[in-house]
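Engineer: Residue numbers (the working numbering), protein chains in the order written: chain A, 1 to 324; chain B, 325 to 643; chain C, 644 to 937.
Calculated directly from the structure, the hints in this document are not laboratory data.
Beta carbons: idealized from backbone N, C-alpha and C, even for Gly.
Just to be clear, a hint being listed does not mean it is correct.
[Stated by the list, open to error] So these bits of chain B aren't anywhere near chain C, every CB distance computed over 12 Å: (1) 372; (2) 383; (3) 395; (4) 407.
[What the hints assert, rightly or not] Per label pair, the in silico range of CB-to-CB distance: (5) 671/C to 533/B: 23 to 31 Å; (6) 452/B to 78/A: 16 to 24 Å; (7) 185/A to 547/B: 37 to 45 Å; (8) 898/C to 18/A: 58 to 66 Å.
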Amino acid sequence: MNLLSIADLTVSFDTEAGTVRAVKGVSLTLAAGEILALCGESGSGKSVTAMSVPRLLPDGATLTGSVTLDGAELLGRPDRELRSLRGKEISVVFQEPMTSLNPSFTVGFQITEVLRRHERMSRRAARTRAVELLDLVGIPDAARRLGEYPHQLSGGLRQRVMIAIAVACDPRVLIADEPTTALDVTIQAGVLDVFRALRDRLGTAIVLITHDLGVVADIADRVAVMYAGRIVEQAGVDELFARPRHPYTRGLLDALPASARGGRLREIPGMVPPPYDDPDACPFAPRCGYADDACTAARPVLEPHGDGHLAACFHPSTVEAVDA
Amino acid sequence: MGWFLLRRAGAALIVVALASVVVFLGVRALPGDPAVVLAGENATPKVVEAIRHQYGLDQPLPVQYVDYLKQLVTGDLGTSTQDKLPVSGILAERIPVTLELAVLAMLVAIVIGVVAGTIAAARRGRFPDYVATGFGLVGLSVPHFWLGLLAILLFAVKLRILPASGYVPLTDDPVQNLRRMILPALVLGTGFAAILMRQTRSAMLGALSADYVRTARAKGLSGARVVGVHALRNSLTTVVTVLGLQLGGLISGAVVTEQIFVIPGFGKLTVDAVLTRNYPVIQAVVLVTVVGYIVVNLLVDVAYAALNPRIRLAGAADG
Amino acid sequence: MADVLTPARLAPAATGSGRTRRMWRRFRRRPMAMTGLVLVVLFLLLAVVGPVVFGDPTRIDFGHVLGAPSLSHLLGTDDLGRDQLTRIASGARVSLEAGVLSVALAMVVGVPIGLVAGFYRKHLDSVVMRAVDVVLAFPFLVFAVGLAAILGPSLRNVVLALGISQIPAVVRITRGEVLAVREQDFVAGAIADGATDRTILTRYVLPNATNALIVQATVAIPGAIIGEATLSFLGLGVQPPTPSWGVMLTGAQQFLSQAPWLAVWPGVMIAATTLGFNLLGDGLRDVIDPRSAR
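Please model the entire structure based on the sequences and the hints provided.
Structural biologist: Shown next as C-alpha cells:
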C-alpha cells in the first residue's frame, strides 16, 4: 500500500516572461518506511515536485494531476486543511540551515511552536519534548540550547534544529531538500543517521532531494532522476548504480568523485534547457553523446527495463557501470 | 549590549556638546548687538549696558561659553524678553502639551502605518495593496498644514462635530482635552503613517520572501501567525529605525500643527519666539530640541538592540 | 531580462544614448511614473510660462473681494480681490525656485565633501561624518526656524536654510556611492594604471554617483517645496505680497468659513507637485536600479 502517491503532476508558474512549466507530468509512489531520493540538477523540478505535496510553492503556482496521502486527494484542498497536515503529517527540512530559522526567536520557541500548534501541548510539556527532540538529533546540552538564538549556533547545529522541528510531531512523510549540502562530512553522516532512526522507529517515508549521489548510495532505497521537469529514470538504488540506463544518469554517476577517472571530476557538458519551451524531442538530446535523429523527432517516454527499472531513452545503455 | 549603548551614549554626548557650541555661536552671530536685541526695542543705552554686563557679553567668547554652560547645568535658561518669565518655567509648561500631541500622533502613525503596511505586503499586487500604496503616496505629498486646514474645514466648519482650535489641559478635563487633540493628532500622524506604511511594506516584503517564513508555513501555522509573528517581528527593527529617523519630522510637524490648531505647546512657542525675536527663548528651544532629539535617538538605539538578539547578546561576554 | 541581471550602475562611466533609450522604454511602461512625469512637466510649465500669461499677481481689486470661483476668476479671489489663478501661477515659480535652488546648493556643497570624504577615507571621513551627524541632529524645521531668526525671513534665506539642511543627505549618498565604486575592478584597474585621484574621481566615481544623486534630487525637491510652503505658511519664509502657496494658505486660514476655496487650490497644487516628483522619483529608481524595485 502506497502511503504517498503522485500521479501525472504538472506545476506551472505565471511569470512576467510567460508561463513556466516547472514540472511536466511526474508520477511517483512512496511506501511507508521507504526512502526515495529525487536527483537532478538545479532547475530540474525536483524541489517543486516535492514541495507540491505540502503545497509550499510560491504564489502563482498552478497544479494539475493528483497527490494523495493514504488515498486521500490533497490537490484542490483549501489551504486551511493543508495547514493541519503541514508540520504534522508532512514535514519539511529545507536546504538553507543558515537562513531557515527565524533570527528573532529562540530555538526553544521555534520548536515548541509546532508542538503547541499540532499536539496542543502545554508550554511545559512542549518544552520537555523539545529537549528530547534536541537529544534525538544529537545536540548536546539540549536544555541550555533552547534559550539560544539561531545566530549563536553553527550551521550543523541549526540544521539539526530544523530537523528537530520537522520530526517533532512524528510526521508520516518527511521531505528533506538538500539537507546535507551545507554540512561537512561528519555532520552529514549524523544527519542521515537521524533520518534512518526516524524511519525505523516510526515508519516515516522520506523524500530526499539531493544531487549528491554519495548520500543517495548511503541511505536511499529507490532513486528517481529528474531532468527538465520530468522523471527520466527510476530504479532501486543498487540497480540504478549498477545498471544506469539513461545517458544522463550515467553522466551524473561519472561526475561522482569515487568513479572519476584520472582523479578529475567529469561534468556533463551543456546546460539545462530553459523552462519556457518544451519541444517534442528528448530534452537531453543537445547534451547527449548518443543522440540521433530519433531523439530530436519525438520525446521518449518512461519504459520498463525489468526489475522495477524505468527509463525514458531511445538508446538505453545496457552496459554495466564500470566501478560504481 | 552594555558596550554598544555606552558607545552610543558617548557619541550622543559629543554631538550634544557640539550642538551647544553651534547654538551658542548662532545666537552670537545675530545681526546687530545682542545686548540691544536682548534688551528689547525701546531700551535706553543705559539699560543696554546693564544687560551687556548682566549677560557677560563684555567678556571674551570662551568665557561667555563657560558661563553659558554653567547656567545650563544649574537649569537656568535665561529670561523671556516677552513676559520676563524664566524660560525654564515656560518650557516646563509647554513641553508636556507637545509630548501629548506627539505621543498621540505616533500612536496614529504606528497603528495605521504598521497595519496598512503589513496588509499591503501580505496582499501584494492586490486591491488592499493598491489602496495602501495610494494612501502612502498621497500621504507623503500632502503637507501637514494643508491637511490641518482641510480637517478644520471639514470637521469644524462644515460638520461642526469637533472644535477647530484651543487646548484644555489633560488634568482639567480629559474628555475635552481629547476632543481637541483628536484632529491635531490625526493630522500630524497621517503623514508619518504614510512613511511608516511604505517602510513597513518594504520590510515585510523582504521578510515574507525569507527562508524562515517558508519554514513557518511548513510548520502548518496560520497565515495570520506567519505574517503577524514571524515576518512582522523581523520587520520591527525597520519600523523602530524609521520612527527614529522621522523624529525630527515629528518635531517640525508639531510646530506647524500647533500653529494651525492654536495649541500652546513647544512648537507654537518656537514660532512665536522667532516672530517676536525672543532670543533667550529661541536659544533654549533649539537646544532643548537637539537634546531631546538625541535622547530619543538613543532610546531608539536601545529599542533596536532589544529587538535584535544579535546586538542584545553581543556584549554579554564583555559586559 | 539581460539588463536586469547586469546592474547598469556598475558599468564604467555609464553613458551612451542606447542605455538612456532603454531606460526610457522601461520608464514609459510604468503608468505611475508617467503620471509623475506629466505632473512635474505641468508644474514646470506653470512655473515658467504661467506668470507671463497671467500677469501681475499683486493687482488688488476691491470690487471682487473673496469672490467665489467664476468665469472671470476661475479659482476665485482673495480678501484683497486678487485673482487666485494668477497667484497660484506665480506661486509655482516661487516653489520651483525654492526647490531647485536649495537642492542645487546642497549638491554643490555636499557632492565634493562626500567625494573627498569617501575617497580619502582614513583622514577625513570620520570628521566629516561626525559633522554630518551634528547637522542631522537639528530637526529640519527647527534648523530653518533658527536660521530665519538669525537672517530674517525671505525667499533667499529659505533657500539657504533648506539647502544647508539637505547637505548631510547628499554627503552621505555621495560617500556611499564612492565607497561602492572604489571596490569595483575597473577603478582598481585605473588606479593600477597610474590614474590620478582627480581623474578617478571625475571620470569614474562621479558618473556612477549621478544616478543616486538624481534620485535623491527627486526626493529633495518636493521636500524643499513643502519646506518653503511650510515656512512661508508660518510667516518665516517668503513674505506677502509675494504669492507663495504657503503664504496664500496663511491668508486662507482666516476666511475658512466665508471663502473655503482659498484653502483648497494652493494645497492641491502643493500636493500634486509633490506627488508628481515622488512618482517620478519612484519610477526613476525602478528604472535606474531595478534591484530596488519592490
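Engineer: Now tell me if each hint is right for this structure.
Structural biologist: Comparing the hints with the structure gives:
1. 372: holds, 20 Å
2. 383: With a cut-off of 12 Å, residue 383/B remains clear of chain C, as the shortest Cβ separation is near 22 Å.
3. 395: With a cut-off of 12 Å, residue 395/B remains clear of chain C, as the shortest Cβ separation is near 19 Å.
4. 407: Label holds. Min Cβ-Cβ 18 Å, cutoff 12 Å.
5. 671/C to 533/B: 23 to 31 Å: holds, 28 Å
6. 452/B to 78/A: 16 to 24 Å: holds, 21 Å
7. 185/A to 547/B: 37 to 45 Å: Between residue 185/A and residue 547/B, where Cβ atoms are some 39 Å apart, the hint holds.
8. 898/C to 18/A: 58 to 66 Å: Taking Cβ atoms as reference, residue 898/C and residue 18/A lie about 59 Å apart, which means the hint holds.
Hint compliance for this structure: no hint is broken.
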